[in-house]
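Novice: Residue strings, one per chain:
Protein chains: 2
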Amino acid sequence: MISFELMKRLSLQNESKIVFIVADGLGGLAMKAGGKTELETARTPNLDRLAARSSCGLVDPITPGITPGSGPAHLALFGYDPLEFDLGRGILSTFGIRCFQKTPMNERNVAARMNFATLENGLITDRRAGRVPDREGRRLASLLDKGVGSIDGVKVTVEHEKEYRGALILEARGLSGKILDTDPGLLNKPPITPAALKGLPRAEAEKARKTAAVVKKFVQRAAKILAKEHPANFVLLRGFDKFRPLPQFQEVYKLNPAAVATYPMYRGVARLLGMEVLKTGTTIKDELKTLRENFADHDYFFFHVKKTDSAGEDGDFDAKVRVIEEMDAVIPGVLKLKPDVLMITGDHSTPALLKSHSWHPLPVLVYSKYARRDSVRKFGEGDCAAGCLGRIRATDLMPIAMANALKLAKYGA
Amino acid sequence: MISFELMKRLSLQNESKIVFIVADGLGGLAMKAGGKTELETARTPNLDRLAARSSCGLVDPITPGITPGSGPAHLALFGYDPLEFDLGRGILSTFGIRCFQKTPMNERNVAARMNFATLENGLITDRRAGRVPDREGRRLASLLDKGVGSIDGVKVTVEHEKEYRGALILEARGLSGKILDTDPGLLNKPPITPAALKGLPRAEAEKARKTAAVVKKFVQRAAKILAKEHPANFVLLRGFDKFRPLPQFQEVYKLNPAAVATYPMYRGVARLLGMEVLKTGTTIKDELKTLRENFADHDYFFFHVKKTDSAGEDGDFDAKVRVIEEMDAVIPGVLKLKPDVLMITGDHSTPALLKSHSWHPLPVLVYSKYARRDSVRKFGEGDCAAGCLGRIRATDLMPIAMANALKLAKYGA
Numbered sequence: 001m002i003s004f005e006l007m008k009r010l011s012l013q014n015e016s017k018i019v020f021i022v023a024d025g026l027g028g029l030a031m032k033a034g035g036k037t038e039l040e041t042a043r044t045p046n047l048d049r050l051a052a053r054s055s056c057g058l059v060d061p062i063t064p065g066i067t068p069g070s071g072p073a074h075l076a077l078f079g080y081d082p083l084e085f086d087l088g089r090g091i092l093s094t095f096g097i098r099c100f101q102k103t104p105m106n107e108r109n110v111a112a113r114m115n116f117a118t119l120e121n122g123l124i125t126d127r128r129a130g131r132v133p134d135r136e137g138r139r140l141a142s143l144l145d146k147g148v149g150s151i152d153g154v155k156v157t158v159e160h161e162k163e164y165r166g167a168l169i170l171e172a173r174g175l176s177g178k179i180l181d182t183d184p185g186l187l188n189k190p191p192i193t194p195a196a197l198k199g200l201p202r203a204e205a206e207k208a209r210k211t212a213a214v215v216k217k218f219v220q221r222a223a224k225i226l227a228k229e230h231p232a233n234f235v236l237l238r239g240f241d242k243f244r245p246l247p248q249f250q251e252v253y254k255l256n257p258a259a260v261a262t263y264p265m266y267r268g269v270a271r272l273l274g275m276e277v278l279k280t281g282t283t284i285k286d287e288l289k290t291l292r293e294n295f296a297d298h299d300y301f302f303f304h305v306k307k308t309d310s311a312g313e314d315g316d317f318d319a320k321v322r323v324i325e326e327m328d329a330v331i332p333g334v335l336k337l338k339p340d341v342l343m344i345t346g347d348h349s350t351p352a353l354l355k356s357h358s359w360h361p362l363p364v365l366v367y368s369k370y371a372r373r374d375s376v377r378k379f380g381e382g383d384c385a386a387g388c389l390g391r392i393r394a395t396d397l398m399p400i401a402m403a404n405a406l407k408l409a410k411y412g413a
Numbered sequence: 001m002i003s004f005e006l007m008k009r010l011s012l013q014n015e016s017k018i019v020f021i022v023a024d025g026l027g028g029l030a031m032k033a034g035g036k037t038e039l040e041t042a043r044t045p046n047l048d049r050l051a052a053r054s055s056c057g058l059v060d061p062i063t064p065g066i067t068p069g070s071g072p073a074h075l076a077l078f079g080y081d082p083l084e085f086d087l088g089r090g091i092l093s094t095f096g097i098r099c100f101q102k103t104p105m106n107e108r109n110v111a112a113r114m115n116f117a118t119l120e121n122g123l124i125t126d127r128r129a130g131r132v133p134d135r136e137g138r139r140l141a142s143l144l145d146k147g148v149g150s151i152d153g154v155k156v157t158v159e160h161e162k163e164y165r166g167a168l169i170l171e172a173r174g175l176s177g178k179i180l181d182t183d184p185g186l187l188n189k190p191p192i193t194p195a196a197l198k199g200l201p202r203a204e205a206e207k208a209r210k211t212a213a214v215v216k217k218f219v220q221r222a223a224k225i226l227a228k229e230h231p232a233n234f235v236l237l238r239g240f241d242k243f244r245p246l247p248q249f250q251e252v253y254k255l256n257p258a259a260v261a262t263y264p265m266y267r268g269v270a271r272l273l274g275m276e277v278l279k280t281g282t283t284i285k286d287e288l289k290t291l292r293e294n295f296a297d298h299d300y301f302f303f304h305v306k307k308t309d310s311a312g313e314d315g316d317f318d319a320k321v322r323v324i325e326e327m328d329a330v331i332p333g334v335l336k337l338k339p340d341v342l343m344i345t346g347d348h349s350t351p352a353l354l355k356s357h358s359w360h361p362l363p364v365l366v367y368s369k370y371a372r373r374d375s376v377r378k379f380g381e382g383d384c385a386a387g388c389l390g391r392i393r394a395t396d397l398m399p400i401a402m403a404n405a406l407k408l409a410k411y412g413a
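Which chain is which? The protein sequence lines are A and B, in order.
All residue numbers for the first sequence refer to our numbering, where the first residue is 1 and numbers rise by one.
All residue numbers for the second sequence refer to our numbering, where the first residue is 1 and numbers rise by one.
Hints were generated in silico from the structure; no laboratory data involved.
Any given hint might turn out to be false.
As the list claims (entries may be wrong) - Simulated pairs of lysine-lysine, DSS-like, Cα-Cα distance not exceeding 27 Å:
(1) A/K285 / A/K217
(2) A/K189 / A/K217
(3) A/K410 / B/K162
(4) A/K410 / B/K198
Hey, can you work out the whole structure from these sequences and the hints?
Specialist: So this is what it looks like as structure tokens:
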């Protein structure tokens with residue numbers, strides 16, 4: 001991939017518009033050898049017709065064989081080297097929660113994801129506190145936020161995200177994000193005591209020790225405040241990191257980008273890169289409406305479809321097929337807006353067979369006046385393997401979209 | 001790509017011969033959605049027959065989505081990382097003009113491309129001075145070369161290239177190539193005053209200021225000398241750079257290379273890399289004759305076809321088709337020479353539809369006794385997408401050619 005420095009030099013502003021649909025966990029596998037994947041099983045007349053008029057191919061989120069989390073996978077889709085821009089989940093969650101704020105975080109902030117959990121006799125017996133509902137989660141987070149106050153001069157904020165999930169945000173000079181997860185990841189284990197990561201350079205180790213001491217006091221105070229709550233009588237923390245600003249879409253690509261996404265984490269990544277997060281509903285149809293209503297105001301749209309991934313994670317092949325068909329149904333509405341470039345892919349594969357993210361490359365289609373057509377007539381993993389894009393990296397997609405929108409100048413004379 | 005250091009270690013000398021045909025701007029697009037590209041439209045029985053006996057694929061000049069200039073695109077074809085070896089057009093032009101000299105430039109030289117232009121009332125009204133013909137351009141360049149002399153101890157040379165184009169070459173210790181183009185790039189604008197680029201480190205800035213002062217005096221003296229000429233009464237300068245030697249083909253690949261090219265710029269790149277530039281005529285047939293006559297004396301031949309690009313730039317689809325058919329006609333003559341490896345591709349795409357260079361990958365074929373055959377039966381963008389080379393980078397081509405010529409040792413035990 002080319003450097004951001006070069007991309008800044010080459011990128012051009014013009015009137016053309018890019019729509020980038022990302023179906024989370026789109027790629028799949030057949031449940032039985034020789035069968036069809038979720039996407040190949042789905043009835044997708046609109047996607048197929050579009051594929052026939054597009055350049056198709058396969059995309060590796062990171063490099064072949066590597067299964068990515070959603071954070072790095074999305075960074076790659078937006079042209080950010082996921083091995084370089086390695087931000088903790090705590091930052092992404094906080095950006096998601098605060099995506100409508102002017103300045104979600106600053107460089108004195110350290111954040112972690114927080115789960116409400118159940119602690120019995122010193123052991124974690126439920127890492128999600130019975131998946132407490134939204135309202136209850138919000139009440140508990142607010143209790144902590146008000147009850148903990150500041151610790152050793154560090155401002156402590158607790159935000160609620162969804163159900164049993166939230167974020168812990170610390171603010172002070174000289175904090176470090178190099179803190180161990182307190183979530184043991186397994187049941188009937190004690191929570192891990194907040195501590196600095198090992199092997200840090202001395203100055204960082206000092207900051208991390210101080211930060212860990214603050215986190216330890218936070219966990220103690222939280223346990224006290226939640227002592228009489230059940231099942232959410234404890235908190236687990238993971239994905240600590242310190243905020244550092246990333247290059248912004250506006251600077252790198254000279255785009256005015258917007259995000260249409262229903263889930264906080266994806267809004268968070270988008271916001272982190274400078275996208276305006278648009279308020280939207282909960283269905284793909286709602287998202288189309290949001291796209292339509294805001295189409296005049298931006299020149300790049302990240303359109304995220306979440307439930308392909310959720311269905312895959314649940315191992316529900318048929319549910320994933322249905323979400324794909326739901327997505328297919330909005331394609332004519334997207335095309336009606338006449339985007340100059342329409343790119344459709346996923347962030348990673350989530351085969352129902354594996355009930356988890358996987359390393360399999362994803363089908364992609366690039367539709368534009370200047371995209372070469374190929375022999376692909378159906379949007380699916382097998383067919384796209386024969387497409388004219390070949391097998392490319394997720395980080396190649398932004399340059400390809402920009403080129404097709406005639407938004408990239410020539411490199412060299 | 002592997003490093004030059006490793007390539008030097010692995011490369012071997014033997015008797016086998018490589019011919020590398022580069023059709024400039026070869027890749028194209030259909031003029032109408034669903035139609036055929038220039039190459040797919042052309043009748044190319046020889047190329048098709050050859051493709052059927054070759055490994056085929058698609059090549060990205062730089063990385064997917066990036067549109068290259070001819071300079072970086074050719075460097076990549078020759079295995080030089082185009083993002084690392086970023087030489088100004090002034091250097092390439094000067095090497096083109098002086099390609100038959102033993103030492104075209106030295107490390108005290110700074111060069112720029114020079115255009116004769118028309119200046120009226122302080123504004124540029126023709127950036128090419130009515131495209132003054134060759135003889136007139138030569139006379140005017142000679143006037144400047146003799147008339148300007150040296151400036152502040154800097155030796156000033158003006159060379160004629162073709163028609164309204166030439167080069168300005170400065171020679172002295174302590175010059176800098178970090179000088180702004182004086183060509184405003186648009187009509188009815190005043191020329192830009194020679195100045196140092198902004199944001200240079202202090203030592204370089206000092207050199208650049210001195211160099212810019214010399215260039216400023218040159219432009220003033222040139223304007224005086226040309227005052228009574230019309231329409232070529234002014235000069236515009238662009239692509240300033242200081243010469244620095246590049247790794248030579250002989251060292252890196254242990255090859256004895258020769259270039260058959262009709263245009264100075266391509267001869268320049270070839271000469272810069274240490275190739276012997278062979279004197280040739282103006283047609284592809286002339287170039288075949290030159291190849292035949294010199295075939296015994298070299299083991300690597302860069303064979304450049306220019307007019308595919310010119311036709312594309314003119315938006316003349318049919319003319320580009322004709323040039324491709326002309327190229328097809330020389331293929332039997334090339335095969336008659338029995339090269340051990342014959343590789344055919346372009347440096348970048350120049351679709352007539354876009355009238356400019358583009359980012360689209362290029363078809364490539366590699367013909368050798370050791371190249372796997374694939375299902376491709378026609379040399380075209382769509383067909384080559386299904387070839388066994390897949391989608392590769394231009395910098396991969398030299399190693400592939402060397403390997404097929406059995407000129408690369410094993411890496412590691």
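Novice: Work down the list of hints and note, for each, if the structure agrees.
Specialist: Hints, one by one, checked against the model:
1. A/K285 / A/K217: The given pair, whose Cα atoms are some 45 Å apart, is violated under the 27 Å limit.
2. A/K189 / A/K217: 20 Å, holds
3. A/K410 / B/K162: Satisfied, since the Cα-Cα distance of roughly 24 Å is no more than 27 Å.
4. A/K410 / B/K198: Holds: A/K410 and B/K198 sit about 22 Å apart, inside 27 Å.
The structure fails hint 1 only (numbered hints given earlier).
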